[in-house]
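Sequence lines, in order, name chains F and A. In terms of this note's numbering, the first sequence opens at residue 116 and continues consecutively. In terms of this note's numbering, the second sequence opens at residue 722 and continues consecutively.
No wet-lab data here; the hints were simulated from the structure. As the structure is a computational prediction, the values presented were derived from the model and not from experiment. For glycine and all other residues, C-beta sits at the position ideal for the given N, C-alpha and C. One or more of the hints may lead you astray.
To be verified - Ranges of calculated distance between the beta carbons of each label pair, as one might list FRET restraints:
1) F:149 to A:865: 20 to 30 Å
2) F:150 to A:840: 20 to 30 Å
3) A:1038 to F:191: 50 to 60 Å
4) A:1048 to F:237: 20 to 30 Å
5) F:149 to A:859: 46 to 56 Å
6) F:139 to A:1034: 47 to 57 Å
7) F:150 to A:1038: 53 to 63 Å
8) F:237 to A:961: 36 to 46 Å
9) F:165 to A:897: 34 to 44 Å
10) A:840 to F:196: 50 to 60 Å
11) A:864 to F:209: 27 to 37 Å
12) A:1034 to F:373: 44 to 54 Å
To be verified - As a list, the in silico BS3-like pairs of lysine-lysine whose alpha-carbon atoms are at most 30 Å apart:
13) A:814 to A:894
14) A:934 to F:188
15) A:908 to F:167
16) F:314 to A:919
17) A:883 to F:162
18) F:352 to A:1039
19) F:250 to A:908
20) A:893 to A:845
21) A:1041 to F:313
22) A:845 to F:250
23) A:1041 to F:314
24) F:167 to A:915
25) A:915 to F:181
26) F:188 to F:267
27) F:167 to A:1041
Stated by the list, open to error - If you want the footprint, here are the derived chain A segments under chain F, 3+ residues with CB under 8 Å:
28) 804-815
29) 970-977
Chain by chain, the residues:
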Amino acid sequence: MPPRLQLLSRASAAVTTHSHQTLAPFLYPCLQQHRNASILSELSDNKGAYNKRIRVGRGPSSGYGKTSGRGHKGQKQHGKVPAGFNGGQTPDWIVNGVRGEKQHFTTEMSPINLNKIQYWINAGRLDPTQPITLKELASSRCIHGVARDGVKLLSRGSEELTTPINIIVSRASASAIAAVEKAGGTVTTRYYTDFAVKKIRAGQMDPIHSLQSRIIMAEDSVEGAEIAADALVEERKRFRFRLPDPTSRKDLEYYRDEGHRGYLSHLVREGHGPSLFFRTPGTGSRSGKKGASRGGAKKGGAAESNRLW
Amino acid sequence: MAAKRLKTSADGLLTASRYTLPTRQCFSRYLTTETTSPTTTIAQAYADAQLASSSTTPILHDRPNIQPPPPRVATPKPTRPTTFTPQSNPFAKTATLTSHAFPSMEPLTHATYPGTHLLCPMRKDILHRAVIYEGDMTRQGTASTKYRSEVHGSNRKIRPQKGTGSARLGDKKSPMLKGGGVAFGPKPRDFSTKLPRKIYDLAWRTALSYRYKQGELICVEDMIELEGVHEHSAPRYLLDMLRHNNMGHANGRTLFITLEERPALFEALEAERMGREAKALEVVDVDVKDLLELGRVVVEREALEWMFVEHEDDLGPKDKLVSWERNQEALLK
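Isolated chain A, as found in the complex:
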């Protein structure tokens, strides 16, 4: 460090400092005395003295290096833009979803939903947080062990402190010993974590958007129910229907989401080896994990709209589904 200091030039030290005061010529007097003979009086000498000084200039700036901002100059102003078109919201898109008949899967009509509900950008981190939150909440948390105080046994000291030649021991419930308690084993506890509701709602709609963009979200106009099928043939009927539509096990399995319990459908899926083909859930029992797990999601339209309304807390009042639909109707008029 000392070597570095030596290298710096000493010019700054030797030369005068850069900040120099302005030569103040005001109030300065140069008394110049002419060579006069000693016989002249002092008064005469004073009268003859040349008192020279320059005109005073007011001290306006004592820091000459600071430049004040330039005064307003009347420059010809370029024309201001008179019209302004506000930027259209690039996120205000609509998603079109075809709804089908069941079980024919014939397309019947299509429904539009806002981009905030079915065109959310992919957020794997938010989906992860939601799935972990659900998993934590689902944990039973019933693992239990006995500490050394809970193990059944006496508190008697097994052998004397000194003299045996072996390690000192207290009771036989010590974790060091076979048959003793567990030192820091699990105890029944609550594993649930918290996740802000708005993030969870956004995760829900992100999962639905992902499925929609992949083409794995299929909407059914009416109920998903096996009607006019005998309960004994319902599983085979459903299996054939799934295979025909490439929705079964060979194609990654399907999740049916219904608004209420559909007895025939649910019973058919409880049959043997139907679990490997498809799964059915009521909309209240659905999780984000269920939406992402299987190969595709077949959802009743009313159930889909129920899910949207249930999970839009992170949106402002104008962006909620009901307001959006009202706006759309108003625009059409």
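Isolated chain F, as found in the complex:
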């Protein structure tokens, strides 16, 4: 190389030229192309908010071309026909009748399973130290609203229930009762009307005690009666409305049943069934007395139960 060029090459060698330029991290934003895009370009409603736009009569590929979903010829293509019309002949729904009718007396209850109650207790949303009524279940959002006739306790996930709870509901299934009592808790079923459900949720009615449920222990004397009456008056002051008791036979028999853990089962005599009409066999006046008195006068030494009449 000629000397001048050598000098130049040495001068250029002094300037370090790296193939890869290292850059301090705080300068990285300068390298990247930064575009300021707002979130406005990403906004969209949920999928269910959008519906397929159907424009009929716009070609075969749309699926609604040519006849535009009306079929071929006839009154329906050119105009309209009333629904259920049979051309003037008696319509089918008059000839055969419409199926069923609206049942006004069905009981509508909000179901609640044991696994959800345990989950709520674990999360600290239900207090197991206090009685759990429909008010607590609704306010903790264990059930969303309460149906007309209250809450029914069911036993899905019953093996998960480990906390003893004191629960008061409208109805409870046999397996739910067994599971709660196995865990050391108690189930009580009591009667609620739709008016009662509303007032209980508003805090204007006692959720547990009604006239027939409350047992006021007092002496069988004038003073005792006065004490009981005073206690009742005090109770009346607490809430604006009084929790009703059932009046229909069906409801009364349900809540008198010990098997249902009904709150009126204490009114049923020992050994008797809950029915208001049918007497429990073996508890009537005839079964005991007459057999005993005529035991000796039988012929052939036959047993009492051998009698035809």
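Given the coordinates of chain F, work out where chain A should sit on it, guided by the hints.
Just chain A now, kept in the frame of chain F:
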């Protein structure tokens, strides 16, 4: 379908039904007659007959397959939990927002606001609904066309119905013809839609929360106003201030939200090419779209609190800003 029926075994049909009545031994009599000689009397035969039956059992259950629930058994109860600590509300958080001086942007103090106002979870669908609602409401809706009845012209039939060899035509205003009316064209109308106030308020606070979480919500303690700056130099002053603080066009632009009109600031931003750097709005003129549009939002503290109070209709009385602040003061005491 018939083949499927054939495959099912006929066992169920051939064997006796599963539901069997209990053998009722009560009231049944087996009259067993011994072989007696014909000479014995009927009475004697009757007397000798063995009337055998078992003791009666009361019919308590006529459906033996249904098991009644087990009676209450006195089992030793496990101890109930005696204490209960209700779950603390996981949504009861507080957001801390630093407030700065203007125009130095020096941090002065910080303010706390409830999580319901500045820590709302992201809801893009609600933001979308609010932005579309505002857009619909903003539409002018003045597009207009003339129908065939409105086009200027006579109603005379152009050519005879038959005989010309061409298509039949009525007046010359038909949409088929050039110069005719529009068949189904636009007419001036109101495009506004409705959105429940509570959803709109939630969208407002969701937008503010989004900006806060992104670090794009900047609070200024006092007024956002250019003081002590001559009106001729105000635009350049503001431009320099924005560039210095990385708030200008190169950084996505800034929206200034003020409680009232700030003459100097607004005038400075009306200057040439200042619109591409920043925008200023009074708080009453702000929309959800404005909150989301630009790179950041610089808001006066009073304006921010005005926005909170104006848009908290979806919250209960206990959760509103004023009640929350009172609660906080009570807790501190």
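Hint check:
no.	hint	verdict
1	F:149 to A:865: 20 to 30 Å	44 Å, violated
2	F:150 to A:840: 20 to 30 Å	28 Å, holds
3	A:1038 to F:191: 50 to 60 Å	57 Å, holds
4	A:1048 to F:237: 20 to 30 Å	29 Å, holds
5	F:149 to A:859: 46 to 56 Å	30 Å, violated
6	F:139 to A:1034: 47 to 57 Å	50 Å, holds
7	F:150 to A:1038: 53 to 63 Å	44 Å, violated
8	F:237 to A:961: 36 to 46 Å	60 Å, violated
9	F:165 to A:897: 34 to 44 Å	35 Å, holds
10	A:840 to F:196: 50 to 60 Å	58 Å, holds
11	A:864 to F:209: 27 to 37 Å	52 Å, violated
12	A:1034 to F:373: 44 to 54 Å	52 Å, holds
13	A:814 to A:894	68 Å, violated
14	A:934 to F:188	63 Å, violated
15	A:908 to F:167	25 Å, holds
16	F:314 to A:919	27 Å, holds
17	A:883 to F:162	55 Å, violated
18	F:352 to A:1039	29 Å, holds
19	F:250 to A:908	55 Å, violated
20	A:893 to A:845	52 Å, violated
21	A:1041 to F:313	27 Å, holds
22	A:845 to F:250	35 Å, violated
23	A:1041 to F:314	27 Å, holds
24	F:167 to A:915	22 Å, holds
25	A:915 to F:181	37 Å, violated
26	F:188 to F:267	56 Å, violated
27	F:167 to A:1041	40 Å, violated
28	804-815	holds (count 5)
29	970-977	holds (count 3)
Consistency with the previously given hints fails for numbers 1, 5, 7, 8, 11, 13, 14, 17, 19, 20, 22, 25, 26 and 27, ordered from lowest to highest.
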